[in-house]
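A.B. asks: The chain contents come next:
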Amino acid sequence: MLILGLETSTARTSVALVEQDHVLASASLSKPRMHGRYLLPAIRFCLDQAGVDVDRIHGVAVGLGPGLFTGLRVGIATAQTFAAARQLPTVGLCGLDVLAFQVRYSRRPICATIDARRGELFWAFYRSSPGGVQRETDLTVGRADELAAEIDAQGEEVLVVGDGVLAYHEQLDVPRAELAGPDVAWPDAADLAELALPRFVREETVRPEQLLPIYLRQADVLIGWEQRGRLRGGVPQAPTA
Amino acid sequence: MLVLGIETSCDETAVGVVEDRLTLRSNVIASQTELHAPFGGVVPEVAARAHLDQLLPTIDTALVQAGVHLSDIDAIAVTSGPGLVGALLVGVAGAKGLALAHDVPLLGVNHLRAHVEVAQLEVGELEPPLVALVVSGGHTSIVVMDEDGSFRQLGSTIDDAAGEAFDKIARFIGLPFPGGPEIDKLARDGDPKAFAFPRAMLHDGTYDLSMSGLKTAVIRDLRRMEAAGEEPDLADVAASFQEAIVDVQVVKTLRAAADEGLDQVVLAGGVAANSRLRSRFAAECESNGQRLIVPSIPLCTDNGAMVAASGANLLAAGFTATDDLDVDPNMALAG
Ligand SMILES: [Zn+2]
Chain A
1 MLILGLETST
11 ARTSVALVEQ
21 DHVLASASLS
31 KPRMHGRYLL
41 PAIRFCLDQA
51 GVDVDRIHGV
61 AVGLGPGLFT
71 GLRVGIATAQ
81 TFAAARQLPT
91 VGLCGLDVLA
101 FQVRYSRRPI
111 CATIDARRGE
121 LFWAFYRSSP
131 GGVQRETDLT
141 VGRADELAAE
151 IDAQGEEVLV
161 VGDGVLAYHE
171 QLDVPRAELA
181 GPDVAWPDAA
191 DLAELALPRF
201 VREETVRPEQ
211 LLPIYLRQAD
221 VLIGWEQRGR
231 LRGGVPQAPT
241 A
Chain B
1 MLVLGIETSC
11 DETAVGVVED
21 RLTLRSNVIA
31 SQTELHAPFG
41 GVVPEVAARA
51 HLDQLLPTID
61 TALVQAGVHL
71 SDIDAIAVTS
81 GPGLVGALLV
91 GVAGAKGLAL
101 AHDVPLLGVN
111 HLRAHVEVAQ
121 LEVGELEPPL
131 VALVVSGGHT
141 SIVVMDEDGS
151 FRQLGSTIDD
161 AAGEAFDKIA
171 RFIGLPFPGG
181 PEIDKLARDG
191 DPKAFAFPRA
201 MLHDGTYDLS
211 MSGLKTAVIR
221 DLRRMEAAGE
231 EPDLADVAAS
241 FQEAIVDVQV
251 VKTLRAAADE
261 GLDQVVLAGG
271 VAANSRLRSR
281 FAAECESNGQ
291 RLIVPSIPLC
301 TDNGAMVAAS
311 GANLLAAGFT
321 ATDDLDVDPN
331 MALAG
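Chains as they are written, first to last, in the numbering used here: chain A, 1 to 241; chain B, 1 to 335.
Don't read these hints as lab results, they were simulated from the structure. Hints may contain errors.
Here are some chain A residues the structure puts well away from chain B; computed CB gaps all over 10 Å [claimed, not checked]:
#1 V54
#2 V74
#3 A77
#4 G132
Computed footprint of chain A on chain B; a stretch qualifies when at least three of its residues, placed anywhere within it, have a C-beta under 8 Å from a C-beta of chain A [as the list claims (entries may be wrong)]:
#5 39-46
#6 314-320
Computed cross-link-like contacts, SDA-like style, restricted to lysine to any residue with a CA-CA straight-line distance of at most 25 Å [as the list claims (entries may be wrong)]:
#7 K31(A) to P44(B)
#8 K31(A) to D328(B)
#9 K185(B) to A30(B)
#10 K31(A) to V85(B)
#11 K31(A) to E45(B)
#12 K193(B) to L154(B)
#13 K31(A) to E34(B)
#14 K193(B) to S150(B)
#15 K193(B) to E226(B)
#16 K31(A) to T322(B)
#17 K31(A) to N330(B)
#18 K31(A) to E203(A)
#19 K193(B) to S279(B)
#20 K193(B) to D221(B)
#21 K31(A) to A30(B)
#22 K31(A) to D323(B)
#23 K185(B) to L35(B)
#24 K31(A) to M331(B)
#25 K31(A) to D48(A)
#26 K31(A) to D326(B)
#27 K193(B) to S210(B)
#28 K185(B) to E34(B)
No residue lacks a Cβ here, since even glycine has one placed at the ideal position from N, Cα and C.
Pulled out of the complex, with its shape left as it was, chain A reads as follows (with noise of 0.2 Å):
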């Protein structure tokens, strides 16, 4: 069973062939803003190396964030219109259990974090499982010191991984965190395709329009609102959805 895996949801462009056990092939760019640009070419580039036809594929994993919007679209309609085209179940998921499933051996409690920008982060808190993780709370987004917090509240050192810890190194250095370096800073889509293939076993996958991004913020409506308000005609509310 070969997996197609893509994650675009950080500042990092990841792509995969995941065959059973083992990686086929994979393509990284960390730099930022290049996914829309650099995810097909990286497709391409797996699929050529290792000899494989796109035909062959038989799933479609896709990172669904949170992170950068625009850079999670990206991945996210690529795989929903490849995988329509080709007819190919997917399985969409969290960044930050794949981020924590990249260091599943730890025995101590592992928290995920990605740089929301804007002074905040997003992260969920999660402990090593039989064969992966288990995430134990919510995705949460928030300040760095108001995660500083929870971390401390834990009783017993936390593995902090993610580009959270990049952006927010000094306060998140709290007594009780050990901070990971930038080997576990990004979410990687051959992370992403292993984490999914059990799902792909056992057929727990959806259809390709079911893809939908994992946001945990509302759309910036109310940037530059003061401004056009000045007019008439009232300022309006922001949407509920």
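Chain A is already provided as a structure; the job is to place chain B with the ligand on it using the hints.
C.D. replies: Then chain B with the ligand, alone, in the frame of chain A:
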């Protein structure tokens, strides 16, 4: 030869299918107008989210209406600019997934060119040279399509697009978004000569346009009347404002045609749906002996068929895009 075109540059998720460059097979538009209406304008993040929600269903509907399967499609065309970057990226990423799935060529389409070239679906092969006014909520440009099919931009708005000016004045006088159709309707009962609003840059010798002075003048006059306790006749305001916008566009476009010695004029883009703009262009072109080409309204507003048509022209000319096709929010109208 079937080309599927995807358009997500602004606030319409649109997909069309064109056969052999000139035949429209389907044209499906999922409009986001209602999502943006509360804000009186297009909100980029709201637009990008809605594009992703609508992309697959719109592709599906366009294929069904064209009576074809995705595997029958020979090439995928997509707007790669100009437009909103986050919105464009959804369409381009989606187009790449389709092109990869069936190993067909990818075509990167310039949205402004597509607005002009879509006319070939209704009047048949265009016979350039011709001049075109592309006017909508996102752009106001006067362009020339030369004999070899290449485009030159002669001028464009230096501030707001015409559609934006309509939206802003509509909002100011309490009309809903989008403002163009509302002003058009209200203006029918008004006197276009009631207010002498300025015609900016009318005689400056360029083909550039400006809307901000006009907008300021309308707002200033309304505020002055309000302060003086006068009740303005909003129909007169709408008619006079619309007439000023129409005047500048007609004069500048037809001067460009005269200067370039061209006797064909294409009126394209969403604001080409404005009834006054259409009738003024029709009257002036007739008296000048010029041929006026105005696509029907579903092909004037942003749509996927125009992208498919323009893409089909690119394919015929051998211009396919590479896998690393990027979006260009400020794409110029070159080549
Ligand atoms: Zn347009």
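A.B. asks: State for each hint whether it applies.
C.D. replies: These are the hints, each one checked on the structure:
Its closest Cβ contact with chain B, about 7 Å, brings V54(A) to no more than 10 Å, contrary to its assignment away from the interface. A Cβ of chain B approaches the Cβ of V74(A) within 10 Å, the least distance being about 4 Å, so the stated non-interface status is violated. For A77(A), the shortest C-beta to C-beta distance to chain B comes to about 4 Å, within the 10 Å cut-off, and the non-interface label is violated. For G132(A), the condition that its CB be more than 10 Å from all CB atoms of chain B holds, with the nearest at approximately 28 Å.
Coverage of the region 39-46 of chain B by chain A holds. Counting CB-CB distances below 8 Å, 6 residues qualify, and the rule asks for three or more. Residue count for the region 314-320 of chain B with a Cβ under 8 Å from a Cβ of chain A: 0. That is fewer than the three needed, and the coverage hint is violated. Of the pairs offered as hints, the one joining K31(A) and P44(B) holds, with about 23 Å between alpha carbons and a cut-off of 25 Å not exceeded. As the CA atoms of K31(A) and D328(B) are separated by approximately 18 Å, the hinted pair is consistent with the 25 Å bound.
Restraint check for K185(B) and A30(B): the C-alpha separation of about 24 Å stays at or below 25 Å, so the hint holds. Between K31(A) and V85(B), the direct Cα distance comes to roughly 17 Å. Compliance with the 25 Å bound is thereby established for this hinted pair. For the hint linking K31(A) to E45(B), the alpha-carbon distance of about 22 Å falls within 25 Å, and the restraint holds. As the CA atoms of K193(B) and L154(B) are separated by approximately 30 Å, the hinted pair breaks the 25 Å bound.
Note on K31(A) and E34(B): the hinted pairing is violated, with a Cα-Cα distance of about 36 Å set against a maximum of 25 Å. A C-alpha spacing of about 40 Å is found between K193(B) and S150(B), which places the hinted pair above 25 Å, so the restraint is violated. Our distance criterion of 25 Å between C-alpha atoms is met by K193(B) and E226(B), whose separation comes to about 20 Å. Between K31(A) and T322(B), the direct Cα distance comes to roughly 20 Å. Compliance with the 25 Å bound is thereby established for this hinted pair.
Annotation: proposed proximity of K31(A) to N330(B) holds, straight-line Cα distance about 22 Å (limit 25 Å). Annotation: proposed proximity of K31(A) to E203(A) is violated, straight-line Cα distance about 34 Å (limit 25 Å). Annotation: proposed proximity of K193(B) to S279(B) holds, straight-line Cα distance about 17 Å (limit 25 Å). For the hint pairing K193(B) with D221(B), the CA-to-CA distance comes to about 14 Å; that is within 25 Å, so the pair holds.
Proposed proximity of K31(A) and A30(B) is contradicted: the alpha carbons are some 33 Å apart, above 25 Å. Distance hint between K31(A) and D323(B) is fulfilled; the C-alpha atoms sit about 18 Å from each other, no more than 25 Å. Only pairs whose Cα atoms come within 25 Å are accepted, and K185(B) paired with L35(B) is accepted, the gap being roughly 22 Å. With a C-alpha separation of about 23 Å, the suggested pair K31(A) and M331(B) falls inside the 25 Å cut-off, and the hint holds.
Restraint check for K31(A) and D48(A): satisfied, since their Cα atoms lie roughly 23 Å apart, inside the 25 Å limit. Proximity of K31(A) to D326(B) is assessed by CA-CA distance (about 15 Å); at most 25 Å being required, the pair is judged to hold. A C-alpha spacing of about 20 Å is found between K193(B) and S210(B), which places the hinted pair at or below 25 Å, so the restraint holds. With a C-alpha separation of about 19 Å, the suggested pair K185(B) and E34(B) falls inside the 25 Å cut-off, and the hint holds.
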